[in-house]
Every structure is written in C-alpha cells, then in structure tokens.
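**Q** Protein chains in written order, with my numbering: chain C, 1 to 421; chain V, 1 to 421.
Since the hints were derived computationally from the structure, they do not count as laboratory data. Incorrect hints may have been included.
No copy is singled out in the list; a pair is fine if it fits within one copy or between any two copies.
Claimed, not checked - Below, simulated SDA-like cross-link-like pairs (lysine to any residue); rule was C-alpha separation at most 20 Å, straight line: (1) 110 - 404; (2) 168 - 361; (3) 234 - 301; (4) 16 - 335.
There are 2 protein chains.
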Amino acid sequence: MNLQQQILDLGRRARKAARDLAKLSSEQKNAALLAMADEIMASQEAILAANEKDLKRADALSPATIDRLKLNVERITAMAGGVRQVVALADPVGKVVREWARPNGIRISKMRVAIGVIGIVYESRPNVTTDAAVLCTKAGNATILRGGSESIHSNLAIVEALQRGAAKGGLPADSILLIADTDREAIKHLAELDGYVDLIIPRGGHALIEAVINVARVPVIKHSDGVCIVYVDKEADLDMALEIVTNAKTQRPAVCNAIETVLIHGEVATPFLQKLALRMEEKKVELRADARAFTQLSALEYTRLRRASEADWSTEFLDLVLAVGVVDSPSRAIEHIERFGSHHSDCIVTRNARTAEQFLRDVDSATVYWNASTRFTDGGEFGFGAEIGISTDRLHARGPMALEELTSYKYVIRGDGQIRT
Amino acid sequence: MNLQQQILDLGRRARKAARDLAKLSSEQKNAALLAMADEIMASQEAILAANEKDLKRADALSPATIDRLKLNVERITAMAGGVRQVVALADPVGKVVREWARPNGIRISKMRVAIGVIGIVYESRPNVTTDAAVLCTKAGNATILRGGSESIHSNLAIVEALQRGAAKGGLPADSILLIADTDREAIKHLAELDGYVDLIIPRGGHALIEAVINVARVPVIKHSDGVCIVYVDKEADLDMALEIVTNAKTQRPAVCNAIETVLIHGEVATPFLQKLALRMEEKKVELRADARAFTQLSALEYTRLRRASEADWSTEFLDLVLAVGVVDSPSRAIEHIERFGSHHSDCIVTRNARTAEQFLRDVDSATVYWNASTRFTDGGEFGFGAEIGISTDRLHARGPMALEELTSYKYVIRGDGQIRT
C-alpha cells in the first residue's frame, strides 16, 4: 500500500470503530479509560526506552524542545493521572441540551452525540498523545493521531499502551490509531478524507496549520497563535496592573495565553513605566517600545530595550520579550488590539466599570478579561476538567475546547402520526 | 481589477462592515430590516423587470427551474413579509448562554457574538437572496452573496433594494454585498479568503458543493443532499405509516426533507404494499423495488414499477420516485439507513416504544423521527422562525440552521486582580 492508501485504510477502520464507540455507555468508556491508565503505568519502561531513542536524535533541537520532548517516571505518572481525571468528568454524549413541543404536538429533543472520527495533528510534546486520545474517546469519538517526527518513538509506545488498555477495557478495535509515517504528505491525505474523517484539529505553528488548511476537504478547527494584549487604563490600580502584566508575560512565556504587548494610557505612562521597568529588569524581560515608551524607558536606563518594529506588534514572541506602547484612550487600545492582536485573550485593567464594559463588548476575542490575567484561558482553569486545546477559530468551538466541544448533536422527534400540511 | 482582486476587495469591505455591524443594537438592526422590507416593496417594478430578463434567458431551463426562478407581485410581497418576520425574532447577539464563577473568584460569561463575514453560495431561487441577507444581518454578520447565473438580474435588483434599505436604516456601508460576476472562479476566490470571510454556506447540488470544498481555506457548512428514509416496523399502525410515507414523498418531492426510500418489515410487507400501491398509483409515483417488493408489486399489477438498482438506494430523486425495500428487523433497517442514507432525516413508524428508542438512538442522522413525517425538518417547523438552510455537516450546526447557528461566542471574564499561580 502506498501512503495515501494507508491513510485511507486508517480512515475506514476509524470510521467503523466510531459507529460502535458512539453507542457505548459512560460506564463502558470509563472502564476502558481506567484500563488505558493502567497500561500506561505498566508500560513505563517501554515508553522511556522509546523516548530515549527520540532524545538521541534530538541533539540538534533547542533545549526548550528537548524539555518538551523528555519523559520521566514523574511525567508518565502525570499522564496516567490525567487519564483518570477524565474518567471523573461528566459524559457529554446523550445529554439533552434542550427539549420543546410544537403546537402540532411533535416533541423535539436536541441531544449531544459524538462527532465521529477526529484527526489530531500536533508537534513535539508526547503527552498530547494521551490527552487527545482520551478526551476524544470519552466523547465517543475515534481518534487518528499524527504527532511530530521528533517524538515518533515515544508516541508509538504510548499509543501501543493505550491500544492494549482499550482492548482490555472493551473498546472497539481501531478506536485509537496513530499515523506512524512521518512524511508530511500523510497530513495532506488525512485532511482530504471527507466521508471518513469528520474533523481535524491542528495544534502547532503556522507551517503545520497551513499544511492542513491548504488542502483540507474535512472541517478544521485551528489551534493557532496567541498575540495577547493587556491594556492598562488611566483609572487602573497600577499595582494590580503590574501583577497581571508580570504574571501574563513571565509565568510561562512560551504558551499561547501569555501576553506579547502591554498598552498603557498616556496619563499613567510615567508612573506605570517606572514600576514596570523595575519588575521587568528583575525578570530579565526585553522590552520593545514605541516612541513614547522608548523615551521614558531610556530615561530610566532600562538595559534590555529596543525600539518596536511594525512587525513586533503582531508577533508571538513565545519568550521573555514584551512590546510596550502608549495610547491616549481606551478606544485607541481597542483599535490596536483589533488590528494587531490575534483575537485570543486580551485584558483591560481599570477601576472604571463603564470603560471596562466598553472594552469587554468591543474587543472581539475568544476571551476578554477585566482585571485578571490572560493566563486563565485554559480548559482546566475554566472548570472544564481538561482541554484538547484552545481554538482560535470562530465556528463550533472558540477558546478552550473540552469534552462538550468534541461533540455534535442530533434532533430526536417523537410524534403520533403528524404530517406536514 | 481582475476577478481575484475584485473578490478580495469585496472581502475587505465586508470585513470592515462586519466590525461595526456586530456592535449594533437589536433596535438598530430591526429598523434597518424594516427599511429593507419597505425598499423591496417600493422596488417591485425594477425587480420584476430584472426577473423578466432572467426568464427570457431561461428558455432552455426545465419548467421546475423556471418556476423556482419566476417572481410576481405575490412572491415579492412574501419576500418583504419574510423580512418583517425576522424583525420579530429574538436577537441572539449579546445573549449570555452560561455564567459561572471559579473558586479563585473570576466570573466567566459565555456570550453569543456575530460570526463576522458570511458567504452564501446558492442556486436559482431569488428569494434566497433576501432570506440569507436578512438572517445574517439580524445576527450581526456582513453577507457576501453569490447566487446562480440564471437569476443574476433578479438578484442584482433585489440586492440593490436591500442595500438602499440598509443605507436608509443606518447599517454600515457594505453590510450586504453581491458578487455580480457569474464566473465560477469567483467561488474559488471567495472560498480562499481566510482572514476576510469567516464562513461559507454552499446551498445546492453536488457540483456546487464540490466547487467550494475542493478549494476552501475558510470554514464551510454544507447544505447538501437529503436521502431520507422511512422504516415501517412490524408493529406500525399501517394507516399512520401510509399517511407519513405519502406526505414525506409526495407533498413536495423536490425538497431535501422529502423521502427517497421506504423500508418495510417483512411481516407486514403484504398488507402495507397493498395500501401503498393504491395510494402511490393515485399520486403517480414510480416505485423502484427490491426483489421481494418487486414480486408483490408485480402481483398487484403496479404500473410504474421498476427493479431498484444499487445506485437507487443512495440517490436523491427529487421527484415522484420511491425506492421500496423489505427488511427482516429494525436492525437491518438501521444498517440500511447508515449505509445508504445521507444522515439528514429518517423515520420509524411503530407502536413499540422500545423498538422506537433503539432506532432513535442508533440512527445517526441530523433529525430522527418516531411516528412523524420527515418534512418537519425545517427551521420554521422547529419554531426557529426562519432558517438559512439545513446543514448536512456535523460541526457548528447540524440540521435546521437559524439565527443562533449564525452566531459564534466569546468568553467575558471579570476579576479583581486574579493571577495564575
């Protein structure tokens, strides 16, 4: 079989599994998930040995990538623990979302059902393999995984453990499949499989997402960049603003809900930049400033200072770099966010409720904050228990995407002989 | 400007309009809708003259197409009436779907917002022009319309009236745009405009839908075929079954929620086929029968009788043609439906609640019926007030797609300085 035929074969097998998976009870799915967690723990040695192979090939990679790639007993235990957490989550499938009757007497129920077959295309971190497979399974979907080539051995070992657990737990064969071929053409063939694959979720950088949407015939929900912005209003509590900016920039700079830009109202620019310079110096953050901020930060003798280029305002630095701008009104801040932001997570810090409500209404982002860190854009922090990622799309799922977003729905209609006249 | 540049220009203008449209109050949108209805009535003569031009070119078309295309005073009045009905519908934008607090004190609201720019690609019927534009507008979206070449003059005249009304009613310029170029390449350029177009809804035949999904970089919600099926169980009230089959097949055979196949349990095949033959003969319906049904219908000397081919079971006849099969259990009926149906609207007729519930659970279609005609799959019949069409996809919207399905959502989060630890 050539690669295209192999992917088609995976699609067919997943489709068949999906039909049976969709009908399983919560108890059946939970039993299988527990068996999968057990098998991950039982397969620790095999998984670590496989991971070792990936790491040997990873010499050319950055320390950050190696850190994402590396597994140890603690991380494998956390993986298994994550699976058990999903057991505790409510099963969305079969839930009646709404129910009503029509004047002619027919009763309509809108009920959640599985989506079917979900393709997950991702990079580096091997824990995505379990997270994605387990959430898809709980929502009654078959999963086709396509991880990065740098973690292929780890992913193969993890999927083998998951498949053994799934078999012991009574899931249909082929409920969880992995594309073992690391050729990028495989993504193309997967994305063309309408009729077999119902949804593809690409999680990763620009090139990966382009590779999917350029060719996809299948619906796609993108998990793309976060260029997130905090606006410090003239009526902000400046100490609160400083804590929020510090948290959103430095707690974990490489994630999508970290901020890239802070905008400061002109009337508070001097006192806020003083506080910010002290704190950012301490955190070793490079500042890229617009003309007004640059003048003040130069006067403060900030060491890691550059002038912001036009491109900086729309760049996801994923690092200890922060663009700093001064604006003269909340409206200007909103304009900046709409123009340069990625509509992921944006925040206003202010004491003025009216200004805040204008911002919350007019900023068109998946998550808009008033006086809280953008780092809360996360399925766990939202109370969803777990997430498959953060959708940067507007259709079906926007923002943190969890079990409910991994379902579709159907209408069930009960009558007693009604016909349309 | 070449065609691609023209479409890009439309996309840019629509994007700009969408930003302002999304912020309008219900009152502002309703005022504009009423002005649009008035302008349609005031432009009757121009619309009829344009329609006359389309009809002159339509000699080569089928009588059914000409009927769909033809406008008269009554139809134009109905169009304007349809617009006024949308004014009365609740505005989904700004509605808080769910609201909760987290242990750290942040309060999260999930709020409906407009999607943005929606492209509607459709065929023949000019009334889709108003229906689509008006529903998109009410949900705060900018609309780019692309009707069929056969109705181009009518569509242009209707859109001019809508645009005049929109301007008088205070909508942003470019809220409603029409692609005047009937070159099919225009669809390609539209479907590639990610960043400017947020969603494309193709409504029409297989070729039209393929033309969109083959090239789309933009999310698509397909409005495709309906191969709908009624299963008459051995415990069916046969008179009820006859009325449901008659209604679902003959009341309006050219629509997507009409049925194409009836499956009959072997134990009631003889009495049901007798009733069916009489009624279908009267309604001039051609029957395409499997081996067992053919034997019986031949014995009954049914005049419009053919043997069903394999292809017939998955064909949307859109005409007075009905495939007839005999099955030996509800499970066989479900298997047939899953294999040959299009997962649109399917029905079981039975008195047995257990059999019915099995069918309702296991048939994976957008709408599944127990003892009611499949013709109720319709936004109006569901109580949604109006519909933009029937989604045959599983993501974002499935089945009748109305105002709510023309929205996205965002999360609004209010805190008092929370940061993530």
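**Q** Which hint numbers does the structure go against, in order from smallest to largest?
**A** 2, 3
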